[in-house]
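Engineer: Each chain, written out:
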Amino acid sequence: MNLALLSAPYDEDGFRSCSVTGLKLHRSAERPVKLFVITAVVAMVLGGIAALLVALTRWEAVGLLPAADFYKWLSVHAWSLLIFWMVFMEIAILYVGGPMVLGRKLPAPKLAWTGWSLMVGSAGLILYAVWVSSPPNYQPLLTSYAPLESHPLFYLGAILFILGAVVAALPFFTSIWQEKVENPDRSLPLVTFGAFMTSIIALEALLGGLITYVPTFLWRIGALESIDASWYRQMYWTIGHGTQQINLVAMITVWYFMTYVAGGAEVISEKVSRSAFILYVFFINLGAAHHILADPVVSSGWRMWNCSYATYGAVLASLIHAFSIPAGLEVGRRRKGLGDGWFGWLKSAPWSDPGFSATTFSIILFGFMGGITGVLMGQMQLNTLRHNTFAVPGHFHGTVAVGTTLAFMGFAFYGIKLLFRRDWVAKWMAKAQPFFYAGAMGIVVLAMMDIGIIYGVPRRHPSVMDLPGTAFDFSASAPLFGVMGVTAVLAVLAGAAFVIVAVGSLLFGEETRPSEMLPDYSGLETVGTSAHLTSMRGTAALTAFLLFVLGLFYAVDWMWLARLWEFGA
Amino acid sequence: MRDEKAEAPGADSGRRDPSDPANDETDPGYWPAMIVLGLLFVVSVISFVRSLTATFGA
Amino acid sequence: MSSPIRSPDGNWWDNPLASTEKKWLGASIITAVILFGWMFGWMHIGDQNPTGRTYTTSSAQYRKQVAAYKEKATRTEQGLRPAGRDVYIAGLQFGFDGLPVVLEAGREYRVHLGSYDVQHGFSVRDEDDLIQQFNLQMLPGYEWVVPMTFDDPGTYRVVCNEFCGLGHSGMQGKFVVVEGGS
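Chains A, B and C supply the protein sequences, listed in that same order.
Quick note: the first sequence uses my numbering, first residue 1, plus one each step.
Quick note: the second sequence uses my numbering, first residue 1, plus one each step.
Quick note: the third sequence uses my numbering, first residue 1, plus one each step.
Incorrect hints may have been included.
[Claimed, not checked] Cβ-Cβ distance ranges computed for the label pairs, FRET-style:
(1) ASP47/C / THR26/B: 35 to 41 Å
(2) THR26/B / MET559/A: 38 to 44 Å
(3) ALA541/A / GLY41/C: 39 to 45 Å
(4) ASP151/C / SER299/A: 23 to 29 Å
(5) ALA60/C / VAL132/A: 44 to 50 Å
(6) VAL556/A / THR155/C: 23 to 29 Å
(7) GLU127/C / ALA541/A: 43 to 49 Å
[Claimed, not checked] Pairs of lysine to any residue, SDA-like flavour, derived with a Cα cap of 20 Å:
(8) LYS347/A / LEU52/B
(9) LYS174/C / ALA476/A
(10) LYS72/A / ASN137/A
(11) LYS347/A / TYR30/B
(12) LYS271/A / LYS174/C
(13) LYS22/C / LYS427/A
(14) LYS174/C / ASP466/A
(15) LYS347/A / ILE35/B
(16) LYS34/A / ASP466/A
(17) LYS347/A / ASP24/B
(18) LYS427/A / ASP24/B
(19) LYS22/C / LYS72/A
(20) LYS22/C / GLY313/A
(21) LYS23/C / ASN137/A
(22) LYS271/A / ASN15/C
(23) LYS24/A / ARG6/C
(24) LYS427/A / PRO32/B
[Stated by the list, open to error] To be clear about the criterion: a stretch of chain B counts as covered by chain A if any three or more of its residues have a C-beta under 8 Å from a C-beta of chain A, and this derived list gives those stretches:
(25) 24-36
(26) 49-57
Keep in mind that the hints were calculated from the coordinates and are not lab data.
Where a beta carbon is used, it is the ideal one built from N, C-alpha and C, also for glycine.
Excised from the complex, chain A in its bound form (with noise of 0.2 Å):
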């Protein structure tokens, strides 16, 4: 057994450098990283038993738990998958994309360390909570409507959860500060103002969650007598939906940075990648209002100016990414010679590398199978078909579970190699790991969008097959629900795959350089002409098939709502 989990050949200055990236690694960055991406996948775990858990009591012909247990588990699932593992990962990807790749040390490390053990507690708070709660503390799901009230302490975790993170954002700040005031004329790497930019996205997200959680505690704990349960929607999603914003924009860094290291992607234009994500910043968290596009009292003239969500900026800088990480895949291959035709350049990829094919396969199916499903459903009108119907899973699970997780595995599976030094063990299970969870993931989330769309069964309940009082039931969905399920239990192994390669290569992998285990694209010459002439025609190939599948999927949606009885004043 390898036990030297921490240790890398560091100069007197504590820097070493990447054979692989040729980046400047100094070791008070790479120390927090690890613990991060190890607390990570830890939190990763128990939401996979969760989600074992959960799965195999919506498929009814198992139905393992009884209401008040389906609830707490799936408190626990949603909390340790959503909110653990993608906010641990971030801080990760914050001091990669921030001091790491700028070559510089972490400013602060104790607000690292400080930070980490602030989210690790107020986690457990929020677990214990959880666990503890029985009526009249009912738990929280994700969302915790007030005024459904939850255990204290659950509110009390969320607002310290909150604080955590954003003393270990501190140092990342820094990190950029000091890099402007030194280099004021040097623009920042490109994957560095993607981290930058989620840092800023996630500032907002978080201040909105404190204007929620602390009047909502103070109302929990009897220090204020009433809240209100429309200003509660209103500002839970500034962090509700504002923590998915940061997922979405960490994983586009994390798309841009492994197409390039594993797959030799280059950056196409850096003008239009960076104004992507500045509409990001400035449109993202209007995007909240899709939550509550089926409430009373938000009028429709808001509710439309904020569904812009939909349609100018965030959709728009959703499809620039779309286009220009495939496309700098495409030219960085081409102009490598590795590969002609329409779609050479796909086929020569290295898809037997775990990190390149979890990182191609979370931009395909979070594209196609995410991202079309939340233009839809973030629809003004097209939303009353969706709201809390088992659709609405569907679609966070294609974003999340899928695109996602998938690119945080990826990431992962390098960071072993790169700043664990550590070869894969069992590279069997690790080439096949991606294929696997994003199959079964992938037809999971198909599963939940039939049986949201088709038979309208509702989410958040343990049961629908048997409800009491009346004959009605939703049995017809039952063969659907036998595929989710039977699929959630692979999509849990391949998770386990994953923890399986991970932890054994921690602990068991070789120690040897990355140069001798990672893609070489440095040998290659460039053929052919310039960037911006070379042909980019698989990219667009691919890019209008998803248009015309989203508008597609556009007319039958209006198809379907326009066949509905008529309401709306």
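Once you've looked at the hints, dock chains B and C against the given chain A.
Structural biologist: Only chains B and C this time, still in chain A's reference frame:
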């Protein structure tokens, strides 16, 4: 980018040497990837057809 | 070549764009405009919009309104027959006050949605055609009046699809739509 000459990776490193001029060949993982994506595509089409028959059919 | 982990050199802002990329940007902008325009247009030409006036109220006040409405309504075997065009529905832990109700096909009703306690979901489907369903939110402290017209006679099942406590999965109701003039 590299500070030393990279040796060819081990036989099961999961990666062919990109300096190998034959490397514009189709990667062994490509067809399995297309199978996974093809499977998801087929399931999507089935799902889509089902939703339309539920709307207009029996 | 431009690497995402290196600072870009020189005046990268003025680097030329590929023509394919420019076409894609154009297509994306057109897509965004269509998405917005269609939403805006549907508000005026479409028959399905999640809109209606909201009034602030309280649990006690809404209870009184619903009770008064039920007083004036006719009790039938299938459910309440509203006296006029107003239909009152309230979500509560764990049921729908005001349901079951009998409505006439093709007639526009002012449906009042509210809650006596916590947030509830108002999820309605045609029991013979589950794909036809819609979902609105019921919030305590607010009365939302949404005009609705049901054209097809039949039975419509209502479930709550917002977590409201441990009896949530038992929270269901129905309304029956009968031929007009009967």
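Engineer: Confirm or reject each hint.
Structural biologist: Hint check results:
1. ASP47/C / THR26/B: 35 to 41 Å: violated (53 Å)
2. THR26/B / MET559/A: 38 to 44 Å: Because 40 Å falls inside the window, the suggested range holds.
3. ALA541/A / GLY41/C: 39 to 45 Å: violated (31 Å)
4. ASP151/C / SER299/A: 23 to 29 Å: holds (28 Å)
5. ALA60/C / VAL132/A: 44 to 50 Å: violated (33 Å)
6. VAL556/A / THR155/C: 23 to 29 Å: holds (26 Å)
7. GLU127/C / ALA541/A: 43 to 49 Å: Once the Cβ atoms are compared, 44 Å apart, the range 43 to 49 Å for ALA541/A and GLU127/C holds.
8. LYS347/A / LEU52/B: This hinted pair is violated, its Cα atoms lying about 34 Å apart.
9. LYS174/C / ALA476/A: holds (19 Å)
10. LYS72/A / ASN137/A: holds (11 Å)
11. LYS347/A / TYR30/B: holds (6 Å)
12. LYS271/A / LYS174/C: violated (56 Å)
13. LYS22/C / LYS427/A: violated (42 Å)
14. LYS174/C / ASP466/A: holds (16 Å)
15. LYS347/A / ILE35/B: Holds: LYS347/A and ILE35/B sit about 13 Å apart, inside 20 Å.
16. LYS34/A / ASP466/A: violated (48 Å)
17. LYS347/A / ASP24/B: With Cα atoms ~8 Å apart, LYS347/A and ASP24/B stay inside 20 Å; holds.
18. LYS427/A / ASP24/B: Distance ~23 Å between LYS427/A and ASP24/B Cα, so the pair is violated.
19. LYS22/C / LYS72/A: violated (50 Å)
20. LYS22/C / GLY313/A: OK: LYS22/C and GLY313/A at ~17 Å, within 20 Å.
21. LYS23/C / ASN137/A: The given pair, whose Cα atoms are some 55 Å apart, is violated under the 20 Å limit.
22. LYS271/A / ASN15/C: Status holds; Cα separation ~8 Å.
23. LYS24/A / ARG6/C: holds (12 Å)
24. LYS427/A / PRO32/B: Judged against 20 Å, a Cα distance of about 16 Å means the pair holds.
25. 24-36: holds (count 10)
26. 49-57: The restraint on the segment 49-57 of chain B holds, since 5 of its residues have a Cβ under 8 Å from chain A and three suffice.
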